[in-house]
Structure formats: C-alpha cells, structure tokens
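**Student:** Sequence:
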Amino acid sequence: MLDTRYIRFCRPGTDFYELPGADGGDDFPLVTADLPEGWVRHVDTPWVGLHPPRVQLPEQGWKVHLASTLDAAADRLARTWEYCRDNGVVFKFLRGPGRVMDANAKYAERGSSGKFITIYPLDEAHCEKVLHELDEMFGGQPGPYILSDRRWRTGPLFVRYGGFSPRHCRTATGELTPAIARPDGTLVPDPREAKFVVPDWVTVPDFLAAPPATGGDFPYRATSALHFSNAGGVYLAEDKRTGERVVLKEARPHAGLDPSGADAVTRLRREAEVLRRLDGLAVAPRFHDEFTAWEHQFVAMEVVDGLDLKRAAMDRIPILHPGSTEQDTRDYVAWALTVLDRIERGMVAVHERGVVLGDVHPKNILLRDDQPVFIDFEFSGVDDPEHRGPLAAPGFAPPGHLRGVAADRWGLGALRLDMFLPLTNAVDMEPGKVRQLARTVGRRYDLPPEYVDRMIAELLGSATATGFRRPVSAATRRFLEAEEPADWPAACASMAQAILSSATPEREDRLFPADIEAFTRGQGLGFAYGAAGILHTLHATGHGRHPAHEQWLLDRVRATEDIEPGFYSGLHGIAYTLLELGRDTDARELLDRARRAPGGPDGHDYFRGLSGAALTLLRFADATGDAELTAEAVAAADRLAGTMRATPLPDRPDAERGRPGVLRGWSGPGLLFLRLYERTGDPGYLDLATDAVRRDLAHCTLTRNHTLEADEGWRTLPYLEIGGVGVGLVLSELLRHRPEADLAEADRGIDRSAAYEYYVQPTLHFGRAGIVTYLAHRRATGTGPGADLDHRIARLLATLPDQAVPSHGHIAFPGNQSLRLSMDVATGTAGVLLAVHTALHGGPGLPFLRTAPSSPATAPERKLSGDPAGVDSLRQPAGAPSLRRSAGADSEE
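Residue 1 is where the sequence shown starts when you use my numbering, and the numbers rise one by one after that.
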C-alpha cells in the first residue's frame with residue numbers, strides 16, 4: 001500500500017525526494033517582509049512563525065486554527081497578520097499557496113488537513129476573545145473542515161487542545177512524535193486524530209461546548225468503512241428505505257484538492273454524471289442515488305463483490321509463490337490474458353459512451369467472476385476527447401502529451417506489464433525501461449511475441465520505439481538490458497559513481513539524495529538515511545574514502561544540536577562510521593557526545609535504541625581497550641534484561657503487534673546478548689538472546705505460502721528492518737549455540753520467506769537487497785545449504801537490473817515507495833551496493849553481524865544486576881506458543 005506521505009516530497013521534474021516548499025518559490029510576501037521592532041520570525045518549512053516581543057507562551061493549551069480556500073488564502077493571511085500585529089498575538093502560517101494546496105490535497109493527512117494559520121492564545125479567556133474577534137472578520141466564510149478540531153460556529157475557525165512548544169516523546173512502536181505533558185510532567189503523544197479528542201485531564205471550556213446535532217435523518221445505514229482519505233470516506237451501507245446494499249461515497253467540500261484545484265465535491269458530482277452515462281453497461285456499477293447531507297455530498301452505487309485486479313493478480317502470480325511450477329505459470333498466463341482481453345473490450349465500450357476513464361490502474365478495476373468492472377470515476381471525462389485526469393496512481397500516469405482515449409490505452413499497456421511484473425513505477429521514472437521490462441516479461445512467462453510488441457507499442461507509441469530519457473553509459477545500458485550475465489564488479493563501480501555524482505556539498509540539509517526521513521531531526525547525517533551510512537558503504541565496498549565529504553559530515557554534525565543518539569538514526573552510527581574510516585579522535589568525540597545525550601538512546605531496538613548503542617560501545621571498546629565502554633555496554637544489557645522481563649510475551653491474537661526484525665524488534669537486543677555471550681561465555685546471556693528472539697517470533701505468522709513473516713494484521717512482511725529475515729539474521733546465529741526444535745522450525749519458515757522470486761522494492765531494509773544480505777549471511781556462517789543459497793542469490797541478482805534506473809549515466813535504484821531515486825543505505829543505492837558486495841565478496845552485510853561461526857569464551861555464569869532472580873526467570877514459560885498460524889496472510893504487495 002502506498003505511503004501517501006511520499007507524494008508530498010515528489011516535486012515535478014526531480015529525480016530525488018525533496019522537502020516540499022524548500023525552494024520558497026511561491027512564498028507569501030509575509031515570509032520575507034520587514035517586521036515591526038522586536039518581532040521574531042521562525043522558519044520551519046513549511047511553517048513560518050511570527051512572535052511579538054515580551055510575550056511568553058505556555059507549553060500547551062487551546063490553540064485556534066484558521067482554514068482557507070486556496071483563492072482566499074493571501075487575503076486571510078494579510079488580515080490575520082494585521083490583527084496579530086496590532087494585538088501582540090503569536091501565530092504561524094503555511095508559507096505559500098503550494099503548501100496550502102498540499103495541506104488540503106486528497107492525500108494530505110486527515111488529522112491535520114485544512115490548517116492554514118495557527119494562533120496561540122495565552123489562556124482560555126484569551127482564546128475566547130480571539131475567537132470572537134476573528135469571527136467578526138471571517139465568520140461563515142468557506143474553508144475545509146479541520147477534522148481534529150471543534151469548529152467555532154460556522155467556521156472557518158477551529159479549536160483544539162495541544163502543544164505550543166516543540167516537545168517529543170516515543171509512541172508504543174518507538175516512533176518520535178509531538179508530545180504534551182500530563183499534570184505530573186510526563187510527556188505523552190499529542191493526539192492528532194481525524195476527530196476531536198481532548199486529553200483526559202483537560203476540561204473543555206463552556207464556550208467550546210459541543211454544537212447541536214444537525215443533518216436530520218440520513219437515508220443510509222453504514223455497515224463498514226472501506227477507505228478513508230482527506231476527500232472523504234467510502235462505506236458499505238444499507239438503504240434504510242429498501243434494504244438494498246450499496247457502496248456509499250462521501251465528499252468533503254473544499255477538501256481533497258487535486259492538482260487542478262477541484263475539491264472532492266466537484267469530483268464526486270462528476271462521478272455521478274459518469275455513472276449515469278454508463279448505465280446498463282456490465283463494466284460499471286449501477287448508479288443508485290446522489291444527495292447532500294449536512295454539508296457533505298454523497299453518491300450511492302451498486303456493490304460489486306470481488307477482488308480488485310491488483311489483489312487478484314497477486315493471489316495468483318507465480319513470482320510471489322515460492323515453489324510454483326511451470327504449470328502454475330501456464331495457468332496464470334491463460335488467466336491474465338483472458339482478463340486483459342475483457343478489460344480491453346470493456347474499455348472500448350466505455351469509450352463508445354463518450355467517457356474517458358482518466359485513471360486506469362489495477363485497484364480501479366474489480367473482478368466479478370473474472371469479469372472486469374471499472375470503478376472510481378472521479379477523474380473521468382465526459383464528451384471531451386482531450387480529457388486527461390489531473391491525478392494518477394504512481395506507475396500509471398500517462399506521458400504528458402497523451403489525452404483522451406490515447407491516455408487510457410497507455411494505461412492498458414501499463415496493466416499488461418503490471419499483471420506480469422509490477423514495476424510500472426520504474427517506467428514512470430525512466431520510459432526507456434519499457435523494452436527491457438517487456439523482454440523480461442516475455443522470457444519469464446513465454447508470452448507470445450505479439451503480446452510483448454503490443455505492450456511496447458501502447459507504452460512507447462510503437463513497437464520499435466526506444467531510447468532513455470536520461471544519459472546512459474554503454475556499461476549501464478548493457479546492465480539494464482540484461483542480455484548477458486552482469487559484470488558485477490563494473491556494476492558496483494557504477495553504483496558507487498552514481499552515488500558520488502549525486503553529492504551536493506553546497507547544501508546543509510543533506511549531502512546525498514535519500515529517503516524523506518533524511519529531512520527529519522538530523523537523519524540526513526546518520527547511518528540509515530544520511531551521509532554516514534553512505535560514506536561507510538563506499539569505504540567498506542572498496543570504493544575509497546572521500547575526505548571532503550567526511551569533513552562535510554563532521555562539520556554539519558558539530559553545527560547541528562538536534563541529533564539524537566542511536567545507531568541508524570543518530571550519533572552512535574556516525575561515530576561508528578568515523579571509527580571505521582580511521583578518524584579515531586573525531587569518532588571518540590562524537591561517541592562521548594552520544595554518551596552525554598540527555599535521556600540516552602530511547603527504546604530497546606538496534607535502529608535508534610539501547611541495543612544499537614551498546615553494540616557500538618563494544619566496537620569502540622575493542623578498538624581502544626577502554627574497559628569503561630565495555631562496562632557501559634554490560635549495564636545497557638542489564639537494563640534491557642529488566643525491560644524484557646517486565647514486558648510479557650503476547651498471549652492473545654489481538655495483543656498489540658510488535659515490529660519483529662533485527663533493527664526494530666527484540667532481535668536487536670538478542671544480537672547484543674549473543675555478542676556478550678561470545679565474549680564472556682556466560683550462559684545467562686544466551687538465555688536472554690533466546691528470550692529476545694522468541695519475543696519477535698511471537699509477532700510473526702505462518703502465511704499460506706508456509707513462510708514465517710512479521711504479522712502486521714493486514715499484511716505480512718519478510719524483510720530485514722521489520723520482517724522474517726530480520727529475525728532470521730539473529731536466529732540463525734542463535735541456533736549454533738541453542739539448536740532447539742521450535743527455533744529450528746521457525747528458522748526453516750523464515751528461510752522459505754527468502755525464496756520468493758520477486759520483491760517489490762530493491763532496498764536493503766525493505767526489499768530485495770535485504771533478502772540477498774540474509775542469504776549471504778547464512779552462507780557465510782554455514783547455516784544453510786550452500787548450493788541452494790548460491791542459486792537463490794544468483795536468481796535475485798540476475799533480475800536486479802529490472803529495478804535499476806540510470807542516474808548521471810550510472811546505475812541507481814529507487815528508494816522507498818519507488819517514486820524517486822535514493823542513494824542512502826536503508827532505502828537506496830548504497831544499500832543495494834552493500835548487499836551485492838556482501839554476496840560477491842563476503843562481509844557482515846550489517847554492522848555487528850558475524851561472517852563466520854564463532855565460539856564463546858569460557859567464563860563463569862554471571863547473574864545480571866537488573867535481574868535479581870537470575871536469567872532463568874526470563875525464559876519462555878512452559879507451553880508458550882512460538883508461532884501463530886494465519887490462514888490467509890499475504891506477503892506485502
């Protein structure tokens with residue numbers, strides 16, 4: 001499922017994720033205007049705050065939000081500034097019209113969407129005064145409803161209780177989130193839900209009493225929710241008048257804007273028009289009703305029972321089913337070609353009614369007994385041969401010159417590719433990949449040549465069209481076309497050159513293009529998403545040191561206060577990188593800074609928590625002989641033992657789901673305990689490692705493919721950061737010391753999750769490169785059959801060129817969500833480079849993993865200070881299940 005946060009970072013015409021509005025190209029004049037004496041401006045993209053002199057705000061309280069339509073935003077900002085200037089009121093605003101559009105877009109976060117200006121009253125009495133005075137200026141004017149707030153009268157003013165100053169805490173899953181304080185000072189998450197929520201210790205003032213209910217009798221009874229976006233909801237419902245089941249679509253006025261500026265109501269009315277036009281066609285739902293209730297628009301239509309085309313294909317496609325046979329492939333090809341033929345005939349029928357679909361993608365097609373039904377016509381056109389949908393699903397946006405029927409036919413070509421190889425996002429980034437992917441599909445499925453030619457013609461305009469949009473070197477072209485076995489040393493050198501060519505030392509926020517997380521709290525410097533991990537990878541894979549870039553990293557770290565401790569997220573990983581690069585003094589400086597950080601690493605995990613920090617301390621202790629660092633690592637292990645003992649194993653299917661994997665789960669502490677066992681020979685550490693791994697296994701499930709994967713409830717994950725193989729990296733090492741039957745069974749299930757033919761992303765942490773790393777680790781440590789591991793590694797590497805995209809003439813790879821390229825370790829080209837190098841030449845793949853079997857030192861058993869009862873008290877209770885079986889869990893799409 002697409003993480004819609006990434007769409008905001010996809011600036012048109014760019015190859016990499018960029019911070020929205022960072023260029024300030026469409027700023028309101030107030031962003032740079034001269035301010036009265038004493039006023040202070042704070043710029044925190046996309047917000048700009050203005051603070052008057054001698055005003056001291058509380059840390060939290062009732063805040064006022066002003067919503068706006070796009071065309072009224074400049075005027076409302078100017079008038080609000082006059083009011084706040086004259087009255088000495090603190091406020092902030094979105095810096096330009098583009099950011100206002102983003103805040104109200106279809107895929108904006110529902111809980112915060114609509115907020116344009118935030119005003120900070122001094123107390124409740126001041127809040128009431130501000131509301132009354134601003135209501136005289138703006139009351140009743142149009143604007144989107146802010147779902148997290150209570151509306152003041154008829155809008156566009158809204159109010160909610162929340163934080164004023166930037167404070168943060170961790171969620172239950174370890175993520176950093178804005179915080180407010182309970183009366184005792186404890187920081188808790190600041191709720192920003194898509195409904196009005198008040199902390200349990202806060203009393204709503206009388207002037208904010210709930211408004212009376214409105215809307216009268218609603219003619220439908222919703223039975224379940226199918227989908228929510230900022231545009232509104234989609235529900236299964238029952239007509240109270242007739243009892244008929246319907247799908248009910250809701251549209252919120254002034255919200256859910258598309259790039260053309262149309263709101264959800266405009267688009268839903270268009271969809272109703274299309275449904276009426278297609279009445280009687282089996283390839284469209286039957287129109288049922290259109291009406292307005294309260295302030296929202298609704299359309300009711302026929303329920304189409306069946307899976308969407310994407311899910312139906314994923315359920316059948318052999319590349320997602322380990323152990324599939326040639327007959328499975330033949331059966332799938334016959335089914336897919338039949339369905340695609342029916343889709344083409346249905347598309348022709350729709351065009352004959354004067355309708356252009358405008359948004360062709362596999363989740364907009366339902367299969368009713370394998371007969372296609374088109375749905376979701378909000379971007380369709382009627383009687384307009386030049387129509388083009390203003391928004392399209394990633395991977396299914398036609399080239400800009402196509403309109404009308406031609407654009408829909410391009411979408412059909414994308415479906416032809418997606419049904420056999422879901423890599424249409426790569427075509428979005430580089431149309432020159434069409435011929436390469438078409439040939440891959442033809443070979444893998446033994447498709448008729450005319451089918452392959454038709455796919456190419458629909459996507460490129462003719463079966464003979466060719467050419468890359470970006471510059472491509474001869475070696476890169478040979479790699480991408482994959483007509484012969486890849487020259488992997490040359491390919492690795494090309495990846496390294498792509499990374500180095502992308503460097504932007506003139507920037508302060510990041511040195512290399514990376515994931516969107518690089519724009520948060522110093523992570524553009526860190527190991528996962530930043531310069532540290534990339535420079536470490538270049539050095540570790542034999543592509544040299546780069547002193548100027550190392551100095552950039554060190555300078556930026558020294559100039560940046562807001563860097564958290566932690567290995568992948570912060571200071572510990574940067575210090576480790578500098579140590580491995582031979583900059584011992586600089587490395588120790590940053591390690592000591594991390595050791596002094598208030599509160600220390602937060603959480604138990606390897607990514608940003610205590611176990612990753614402790615593993616770093618052990619590495620520095622080995623390098624320096626500093627016994628104090630070893631003692632700190634042991635103390636951290638004691639703390640982790642106490643935390644683990646206080647955290648019961650889940651014993652119910654509905655228990656809160658964890659995040660199993662070496663980086664986010666308890667397997668990270670398990671790795672620390674193993675390293676301490678190997679150093680000391682203390683069997684207590686082995687008990688702790690076993691318990692830690694069991695905790696992660698309790699959050700995994702056996703899928704219908706008999707693979708053991710992380711269970712997120714709605715999907716299962718086989719990956720490294722969160723997923724089966726992330727647990728397996730530690731489990732395979734644990735089994736050398738403790739070969740218990742249930743652990744060995746879990747190991748076999750995890751190993752099967754590394755036998756898929758296809759993984760949707762190439763990345764290290766959530767994709768193919770992580771699977772390669774796991775397989776190479778098993779091979780290096782002798783924990784799996786070498787010939788089988790070699791075969792699986794070779795198969796994954798052989799098809800890796802399908803996911804590559806040229807950058808600066810060299811080989812690069814898409815990042816998380818596959819919408820833009822990335823160069824970082826966690827999500828980008830550096831991670832792929834590291835995995836390929838590990839597969840070819842050995843090495844740990846991840847810091848602190850073993851590359852060969854090891855034996856523990858001999859030492860007496862030691863009781864941990866954090867566990868007065870001893871480590872035996874942490875063992876799994878007798879009879880506790882280690883695995884949960886799911887009847888229908890599926891791997892991630």
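Just so you know, the hints here were simulated from the structure itself, not pulled from any lab data. Model, not experiment: these values are computed from the prediction. One or more of the hints may lead you astray.
Beta-carbon label-pair distances, calculated as ranges [unchecked claim]:
#1 Gly185 to Asp562: 15 to 25 Å
#2 Ser260 to Leu2: 38 to 48 Å
#3 Gly323 to Asp383: 22 to 32 Å
#4 His791 to Glu745: 42 to 52 Å
#5 His401 to Leu176: 41 to 51 Å
#6 Thr292 to Pro97: 38 to 48 Å
#7 Pro97 to Leu2: 19 to 29 Å
#8 Thr45 to Arg85: 19 to 29 Å
#9 Asp34 to Arg54: 11 to 21 Å
#10 Arg85 to Val382: 46 to 56 Å
#11 Leu35 to Pro183: 32 to 42 Å
#12 Arg5 to Ala33: 44 to 54 Å
Beta carbons are placed, not taken as given, at the ideal position from N, Cα and C, and that holds for glycine.
**Student:** Now tell me, hint by hint, if it's right for this structure.
**Tutor:** Taking the hints in turn, this is what the structure says about them:
1. Gly185 to Asp562: 15 to 25 Å: Check passed, 22 Å falls within 15 to 25 Å.
2. Ser260 to Leu2: 38 to 48 Å: At roughly 21 Å between Cβ atoms, Leu2 and Ser260 fall outside 38 to 48 Å, so the hint is violated.
3. Gly323 to Asp383: 22 to 32 Å: violated, 51 Å
4. His791 to Glu745: 42 to 52 Å: violated, 23 Å
5. His401 to Leu176: 41 to 51 Å: Once the Cβ atoms are compared, 44 Å apart, the range 41 to 51 Å for Leu176 and His401 holds.
6. Thr292 to Pro97: 38 to 48 Å: violated, 28 Å
7. Pro97 to Leu2: 19 to 29 Å: The hint (19 to 29 Å, Cβ to Cβ) holds, given that Pro97 and Leu2 are roughly 25 Å apart.
8. Thr45 to Arg85: 19 to 29 Å: holds, 23 Å
9. Asp34 to Arg54: 11 to 21 Å: Roughly 20 Å apart at Cβ, these two residues keep to the hinted range, so it holds.
10. Arg85 to Val382: 46 to 56 Å: holds, 49 Å
11. Leu35 to Pro183: 32 to 42 Å: holds, 36 Å
12. Arg5 to Ala33: 44 to 54 Å: The hint (44 to 54 Å, Cβ to Cβ) is violated, given that Arg5 and Ala33 are roughly 31 Å apart.
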